[in-house]
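Student: Based on the hints, put chain B in the right spot on chain A.
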Amino acid sequence: MSVKVYVPRDSAALSVGAEGVARAIASEASSRGLDITLVRNGSRGMFWLEPLVEVETAHGRIAYGPVSREAVAGLFDGGFFEGKAHALCLGPTEEIAYLKQQERLTFARCGIVNPLSIDDYIAHGGYRGLAQALTLEPLAIVDTIQASGLRGRGGAGFPTGIKWNTVLHVKADQNYICCNADEGDSGTYADRMIMEGDPFVVIEGMTIAAIAVAATQGYIYSRSEYPHAFRTMQRAIAIAYEHGYLGANVAGSGKRFDLDVRLGAGAYICGEETSMLESLEGRRGQIRPKPPLPAIEGLFGKPTVVNNLITLASVPIIMDKGAEYYRDFGMGKSRGTLTIQLAGNIKHGGLVEKAFGITLRDAIYSFGGGTATGRPLRAVQVGGPLGAYFPESLLDTPLDYEAFAARKGMLGHGGVVVFDDTVDLAKQARFAMEFCAIESCGKCTPCRIGSTRGVEVIDRIIANENRTENLELLDDLCELMTDGSLCALGGLIPLPVMSAVRHFPEDFDKPAPAPPAVIDAAALKSNRETHPWR
Amino acid sequence: MSNLLAWDADRAQARIRELEHLPGALLPILHALQEEFGYIDAAATSMIANALNLSHAEVHGVVSFYHDFRHSAPGRHLLRICRAESCQSMGCESLVQHVEKRLGVKLGETTPDQSLTIEQVFCLGNCALSPAVMLDGEPYGKVSPSVADFLIDSARRQQ
Chain A
7 MSVKVYVPRD
17 SAALSVGAEG
27 VARAIASEAS
37 SRGLDITLVR
47 NGSRGMFWLE
57 PLVEVETAHG
67 RIAYGPVSRE
77 AVAGLFDGGF
87 FEGKAHALCL
97 GPTEEIAYLK
107 QQERLTFARC
117 GIVNPLSIDD
127 YIAHGGYRGL
137 AQALTLEPLA
147 IVDTIQASGL
157 RGRGGAGFPT
167 GIKWNTVLHV
177 KADQNYICCN
187 ADEGDSGTYA
197 DRMIMEGDPF
207 VVIEGMTIAA
217 IAVAATQGYI
227 YSRSEYPHAF
237 RTMQRAIAIA
247 YEHGYLGANV
257 AGSGKRFDLD
267 VRLGAGAYIC
277 GEETSMLESL
287 EGRRGQIRPK
297 PPLPAIEGLF
307 GKPTVVNNLI
317 TLASVPIIMD
327 KGAEYYRDFG
337 MGKSRGTLTI
347 QLAGNIKHGG
357 LVEKAFGITL
367 RDAIYSFGGG
377 TATGRPLRAV
387 QVGGPLGAYF
397 PESLLDTPLD
407 YEAFAARKGM
417 LGHGGVVVFD
427 DTVDLAKQAR
437 FAMEFCAIES
447 CGKCTPCRIG
457 STRGVEVIDR
467 IIANENRTEN
477 LELLDDLCEL
487 MTDGSLCALG
497 GLIPLPVMSA
507 VRHFPEDFDK
517 PAPAPPAVID
527 AAALKSNRET
537 HPWR
Chain B
156 MSNLLAWDAD
166 RAQARIRELE
176 HLPGALLPIL
186 HALQEEFGYI
196 DAAATSMIAN
206 ALNLSHAEVH
216 GVVSFYHDFR
226 HSAPGRHLLR
236 ICRAESCQSM
246 GCESLVQHVE
256 KRLGVKLGET
266 TPDQSLTIEQ
276 VFCLGNCALS
286 PAVMLDGEPY
296 GKVSPSVADF
306 LIDSARRQQ
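Those protein sequences? They're chains A and B, same order as listed. One gets our numbering by counting positions in the first sequence from 1 and adding 6 to each. One gets our numbering by counting positions in the second sequence from 1 and adding 155 to each.
None of these hints come from the bench; they were simulated from the model. Misleading hints may appear alongside valid ones.
Here are the simulated lysine-lysine pairs, DSS-like style, with alpha carbons at most 30 Å apart [to be verified]:
1) B:Lys-261 x A:Lys-433
2) A:Lys-106 x A:Lys-339
3) B:Lys-297 x A:Lys-433
4) A:Lys-414 x A:Lys-360
5) B:Lys-297 x A:Lys-353
6) A:Lys-106 x B:Lys-261
7) B:Lys-256 x A:Lys-516
8) A:Lys-296 x A:Lys-339
9) B:Lys-297 x A:Lys-360
10) B:Lys-256 x A:Lys-433
These numbers were taken from a predicted model, which means no experiment stands behind them.
So here's chain B without its partners, still in its complex pose:
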């Protein structure tokens, strides 16, 4: 997560060009851009629309349909907390409250120092070790509030 690039139209165009030949290329392109920049910049919409011969509205419609795609840059690190039933049965709601209180931000928000974004997710497929979270793409199971604190602190210490 921490190696995200600032929005760069040339770089985005290059990634679009790499993938535009695929059948059903839109989702692979959006994933590539989000992997690069952490979000889908508004300027990308018309670039993608031109490349795939779609309308601006069609591309915007897809970007806004899927929960994954962000409209602004996230923090340097990303913590996704599972709130689905299995994790509920092991107290994920109090984990969410604990994390929100500690960071002073709500799910979907970024800490003021831009170090960490927290998001909700419905199921990480780690349901035998609930509650589960994912930090920068790495899974963690049986996450107590103190484990969450440890993860948050070590992530925020890194640049």
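Only chain A is shown next, with the shape it has when bound in the complex:
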């Protein structure tokens, strides 16, 4: 009997050699005359263990990792086919504490199924949500989503049901569904993992949205930085068409839904919904003033649902298991699960899907295991480049939209970037302004000009030129950008800047640095020695 062996095709797994491991396993098996079926699954999201290889045994799936190409022959010698013990053996995958302590709803299938097998998708509960939706009136679908408490996972946290309800009630000859997969925040990779590991859940979520609001065309807007995700998504769409889950007669319902995936071109601002619509229409990704809301005048001037990919990927399970099932997870006004992405200087970086409400400290220490370098943690940036830098004293903040807002922070898309005590927050504040200057679409003055002035002011603060006056000026500038910018880029960049000033004032009060020294080989060598992860 053929033994199933799983080697992920997720980009992060590929980035540490999964392709070579897959090839080595195939050739080792064939030279030993063993019959294997190699499945290229998505990632389980435990990236420090990648490439994570799994073998299907009578006792379930047994995990080994991190597996290098060189270790493959030894695994075969050690009886890896029977799931026997080995230095790299992690035991049954489902029993690994990191996974076992999670509540995987949106990521229920990611890393488990073959992402390009629609049969596998259906066998693991796929398309049950759509089947349920097809028995309901559009308004009942919208009500279910509203009752589940699902809020936009892109960062703004707007109730999804309200958005859908608006589109449903606008009279128009064409409605659209747009999936925002322009995941540009540093520290985030949940969208990428789903596109590479469970693409059909995005297609199903969008199809349900389309049926709810009578849309017949959908677009997924992804990133050129994600070439593997783009190709997987394209192939999954083609497969869904072949099997009658997209096109003129979705799942035999007589309803039409067409879907296409498009690529951005390296502009962070296109993650903002109106910029994304401009870009999809073939224009510069400059934001549109609101109103009109995209729900009323969106893509090509038509009513459009614009939802983050994780939002849409959460829809099928809500339709399948019911609004209450989903709503019972979470705290306060943040219902369901959050896909936390542990990143940066972290020992056990990866995806943690948990009900809202676990503390930042729990995420970083219970799951993440602290810093990768082993040095003390000094700062954490949650929510991407527009999120605040929190010091250690704020680590007990629960991961919840309102709790973060109350501490002048932002949950955003759930990215958690950890920094050790070598970080210089004045530099990070400067980078925030620099990033805003590079990525500003140029539409409004506070963001376009303010970001460049911000870099200059912070440079003067670092150089110890009239420090007190310049700190006041920075505060003033940030207030103006917050109040006067048209969108979240200029409007939120003051969060990382002012949180750095507020929580780490000592970094803005150092002697002016000497001119940068020329880096030489000896310095790099000693850098490697003091930073063993290199």
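Tutor: Chain B alone, transformed into the frame defined by chain A:
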């Protein structure tokens, strides 16, 4: 990357024709041309403008807005180094300095032998394995200076 074609107006016209019917066709066309030639030749602007019934200025405005689109041909290989916060926390700035020093070129430039272009990128979505780079569309994680050297050397040895 290494199989880029030299600019060819007929070939470009054919690619434009394949895609011009799409709603919002401009970005798909620009991606197709850059995939083919590695950059957007100035001559493409008026061809696209004619095909989509846009002004020359509108097309130029789009090409120049997006960081991805190049105005001249890159080297045979392309190394993109992430400089976003997650990679910063794991020392990407010293990685950038190392690569620039070794190659004698800055980010956004091509080595004199045309073998390699290096660019900055803000986030490759590989933030649990920082610092991250992408070489010719393939991702690499936990990239130390010596791993970067290895990648650069093997790419430059290929044609």
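Student: Next, verify each hint and record whether it holds.
Tutor: Taking the hints in turn, this is what the structure says about them:
With a CA separation close to 21 Å, the supplied pair B:Lys-261 and A:Lys-433 stays within the 30 Å bound. About 26 Å separates the Cα atoms of A:Lys-106 and A:Lys-339, which keeps this hinted pair within 30 Å; it holds. For a cut-off of 30 Å, the pair hint linking B:Lys-297 to A:Lys-433 stands: about 23 Å separates their Cα positions. In summary, the hint linking A:Lys-414 to A:Lys-360 is supported, as the alpha carbons are separated by about 23 Å, within the 30 Å threshold.
This hinted pair checks out: B:Lys-297 and A:Lys-353 have alpha carbons roughly 12 Å apart, not beyond 30 Å. Taking the CA atoms of A:Lys-106 and B:Lys-261, the gap is about 46 Å. The hint is violated against a cut of 30 Å. The suggested pairing of B:Lys-256 with A:Lys-516 holds, with an alpha-carbon distance near 29 Å, which does not exceed 30 Å. Proximity of A:Lys-296 to A:Lys-339 is assessed by CA-CA distance (about 25 Å); at most 30 Å being required, the pair is judged to hold.
A C-alpha spacing of about 26 Å is found between B:Lys-297 and A:Lys-360, which places the hinted pair at or below 30 Å, so the restraint holds. Our distance criterion of 30 Å between C-alpha atoms is met by B:Lys-256 and A:Lys-433, whose separation comes to about 22 Å.
Going through the hint list in order, the structure does not satisfy hint 6, though it satisfies all others.
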